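Engineer: As a plain string of letters, each chain reads:
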Amino acid sequence: MDITANTPAPPPPATRTTGGGTVTRPGDRIFSGLSRGSGILLLVIMGAIAAFLTIRAVNAISKDQGNFFTTFEWNATANPPVFGIAVLAYGTIVSSIIAMIIAVPIAVGIALFISHYAPRRLASPFAYVIDLLAAVPSIVYGLWGALFLVPHLQGLNLWLDHYLGWTVIFDQSNPGTAARSLFTVGILLAIMILPIITNVSREVFRQVPRANEEAALALGATRWEVIRLSVLPFARSGIISASMLGLGRALGETMAVATVLSASPVLSARILDPVGGTFAQNIAAKFNEANDFGRDALIASGLVLFVITLLVNGAARLIIARRKEYSGANA
Amino acid sequence: MAKRIDVSGLSAYYSGFKAIDDISMNIEPRTVTAFIGPSGCGKSTFLRTLNRMHEVTPGGRVEGKVMLDDENLYGSGVDPVTVRRTVGMVFQRPNPFPTMSVYDNVAAGLKLNGVKKKRDLDTIVEKSLKGANLWNEVKDRLNKPGSGLSGGQQQRLCIARAIAVEPQVLLMDEPCSALDPISTLAIEDLIGELKEKFTIVIVTHNMQQAARVSDRTAFFNLSAVGQPGKLIEIDDTERIFSNPSVQATEDYISGRFG
Chain A
1 MDITANTPAP PPPATRTTGG GTVTRPGDRI FSGLSRGSGI LLLVIMGAIA
51 AFLTIRAVNA ISKDQGNFFT TFEWNATANP PVFGIAVLAY GTIVSSIIAM
101 IIAVPIAVGI ALFISHYAPR RLASPFAYVI DLLAAVPSIV YGLWGALFLV
151 PHLQGLNLWL DHYLGWTVIF DQSNPGTAAR SLFTVGILLA IMILPIITNV
201 SREVFRQVPR ANEEAALALG ATRWEVIRLS VLPFARSGII SASMLGLGRA
251 LGETMAVATV LSASPVLSAR ILDPVGGTFA QNIAAKFNEA NDFGRDALIA
301 SGLVLFVITL LVNGAARLII ARRKEYSGAN A
Chain B
1 MAKRIDVSGL SAYYSGFKAI DDISMNIEPR TVTAFIGPSG CGKSTFLRTL
51 NRMHEVTPGG RVEGKVMLDD ENLYGSGVDP VTVRRTVGMV FQRPNPFPTM
101 SVYDNVAAGL KLNGVKKKRD LDTIVEKSLK GANLWNEVKD RLNKPGSGLS
151 GGQQQRLCIA RAIAVEPQVL LMDEPCSALD PISTLAIEDL IGELKEKFTI
201 VIVTHNMQQA ARVSDRTAFF NLSAVGQPGK LIEIDDTERI FSNPSVQATE
251 DYISGRFG
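Here the protein sequences come in this chain order: A and B. Residues in the first sequence are numbered from 1 upward in steps of one, following the working numbering. Residues in the second sequence are numbered from 1 upward in steps of one, following the working numbering.
Bear in mind the hints are in silico, worked out from the structure with no lab data behind them. Remember, it's a predicted structure, so these values are computed and weren't measured experimentally. Warning: the hint list may mix true and false statements.
Stated by the list, open to error - Only part of the chain B face toward chain A is listed, based on derived beta-carbon distances under 10 Å:
1. T82
2. P94
3. P181
Said to hold, decoys possible - Covered, in the sense of this in silico footprint (three residues per stretch, anywhere, with C-beta under 8 Å from a C-beta of chain B), are these stretches of chain A:
4. 207-214
5. 221-233
Even glycine gets a Cβ: it sits at the ideal position worked out from N, Cα and C.
Assemble the whole structure, with the sequences as input and the hints as a guide.
Structural biologist: In structure tokens:
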């Protein structure tokens, strides 16, 4: 056992008490006051935001005539107001899952290529191009998605419908409809979260100790086996963190989704159908025309998105913590 | 199981820099050969040319011949991956795979070689850990992470991992330099046992260690910083430490420089 990792830290050395009281210098006092002040300020701001959101959200939900969690449509400005998050939660989660399924393997592949396969001369410019991808504003992705991706995905959609329609997931209710669907949104989100997952993974891959890789090489491992034996296990928690960063962006993405998706309050397993919605897209679409109460209702939906993001992050931390003693941190 | 090594006219480079120059030597099977010499004299680099690990360093390049019995390791069409499965290596700092258990560390090389049956793996893992004098200390914690062992145990774990694939030759690059005297003694005893089965080459900065464990000793030196390292002489260990034929060897051993 690694003793240092398992025994509690020794108690801190007793503070000097000779002479009665320690000398504090004005610089120390000012700096500690400043840093403590900023810490407290941050907590106060966070608390104020949380209180504001919760009060407005509770106000809205208490007057909701439908069940907030199971109602499909969003008629917060109607009289009486009827609104719920079922379609939004479903759309948000489904589009993000599609994005993760597409983006994570590709991003890890690109990161491995840059860190372990590409000749050095090629690796830097390649990494730079990936960085550029992160610099494109999301509205531009949205426009590209609506004007290029949507028409060009129609063929793929027909193909999927024809050959994989029996899975229901890839069945189209009206074959040949415009690809303004959760599936298209998922593909677009995948492209958008690709750079962040790639960059973080690449950094982690670079930090794999040379000794670990040489251990595998000296056993007669091929390049792929070196990656499997020493790089991927070492980078595992880093890849999870990177994916969570990407997932966070996918869950909250607004403009690109709002531009591409043809939103309607329908909850369907057919991900190629142009129906559905996401939290952020719904807020963007409804906010301007909403009255005060309608805005409260939208805030309530935003709170739910916030909770989902928190849960996802918590789950990721759990996964990372579970195999901590194998993480390589104590090597 | 042990093979003879014949090196002739071997030079190694890091990009434009020549690290070792024109080295030739013979290493007999089932012997321990120690490489000694001041830092930067190229003894580790030379060791790494014997299993083609030198070329994984960016810019690393080798000229010359290394014959393992009748096979030239640098012949055309020779796969370095195959070479490294025949010539095992133990490093200066213990480097078990941190994410793997004790068992999986030893089994890692076997799995690369396609040993899949649980029973075969169990047998070889036990045999290798016994061979590395580690079995009694870890038999109850085979599923605990290898990185949780002490430094000396980790190094013996690395030796177990290296001998599990039954290499012809075992290279050791200062295997005890990160260990305390007790662990060092354990490894040295182990080297004495391992030489009955393997050809062993060990790089060491510790001259007493070279004297204790090796049959033959090679002294490397460099004429100045920035100059390539050269093999000064190789002879029976006893002779090197009592009556070397080159003055520089005697100066180095007696502590007059280095």
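Engineer: It remains to establish, for every hint, whether it holds in the given structure.
Structural biologist: Structure-based check of each hint:
Interface restraint check: T82 (chain B) against chain A, minimum CB-CB distance 7 Å, threshold 10 Å, status holds. With 10 Å as the threshold, the beta carbon of P94 (chain B) comes within range of chain A, its nearest partner Cβ sitting at about 9 Å, so the hint holds. The interface hint given for P181 (chain B) is broken, as the beta carbon of that residue sits about 19 Å from the closest beta carbon of chain A, more than 10 Å. With 4 residues having a Cβ less than 8 Å from any Cβ of chain B, the segment 207-214 of chain A passes the three-residue criterion, so the hint holds.
Remark: the segment 221-233 of chain A is confirmed as covered by chain B, as 6 of its residues place a Cβ nearer than 8 Å to a Cβ of that chain, reaching the required three.
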